[in-house]
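A.B. asks: Sequence:
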Amino acid sequence: MPVGFISGPEVTFDIRNFFFGQKQIRGALAGDIEDLRRALDLVKAGRLRPTLDRTLPLTDVAEAHRLVAGNQLTGSVSLLP
1 MPVGFISGPE
11 VTFDIRNFFF
21 GQKQIRGALA
31 GDIEDLRRAL
41 DLVKAGRLRP
51 TLDRTLPLTD
61 VAEAHRLVAG
71 NQLTGSVSLL
81 P
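Under this note's numbering, the first residue of the sequence shown carries the number 1, and numbering increases by one thereafter.
I should point out that these hints are in silico values taken from the structure, not numbers from a laboratory. Honestly, I wouldn't trust all of these hints.
Per label pair, the in silico range of CB-to-CB distance [stated by the list, open to error]: (1) D14 - L36: 29 to 37 Å; (2) P57 - F20: 25 to 33 Å; (3) E10 - A45: 30 to 38 Å; (4) D35 - L56: 22 to 30 Å.
These figures come from a predicted structure and were not determined experimentally. A virtual CB, placed ideally from N, CA and C, is assigned to each residue, including glycine.
Sequences are here, hints too, so could you generate the full structure?
C.D. replies: If you want it as structure tokens, here you go:
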């Protein structure tokens, strides 16, 4: 379950799923250029698939910000020129 600060500093989840699924929690503030290169290589190889919630025309940038701020996305939003 990806979590970030977009939805605020607190998160809730079903603790049973956490324990019985033998999940882990990891944290990081940022990656470096090598992390980006490794991630792009994984995307190119089809081993990592970014989650895209929707695409919007660039003219709808205010709507994109509203969706992000309202925590109404289950993935990324892409703005198309």
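A.B. asks: Evaluate each hint against the coordinates.
C.D. replies: Hint check:
D14 and L36 have their C-beta atoms about 32 Å apart, which keeps the hinted 29 to 37 Å range intact. A beta carbon spacing of about 43 Å between P57 and F20 contradicts the range 25 to 33 Å that was offered as a hint. Remark: the range hint 30 to 38 Å for E10 to A45 is upheld by a beta-carbon distance near 35 Å. Against the hinted window of 22 to 30 Å, the Cβ-Cβ separation of D35 and L56 comes to about 27 Å, which satisfies the hint.
In summary, the structure is inconsistent with hint 2 from the numbered list given earlier, while agreeing with all the others.
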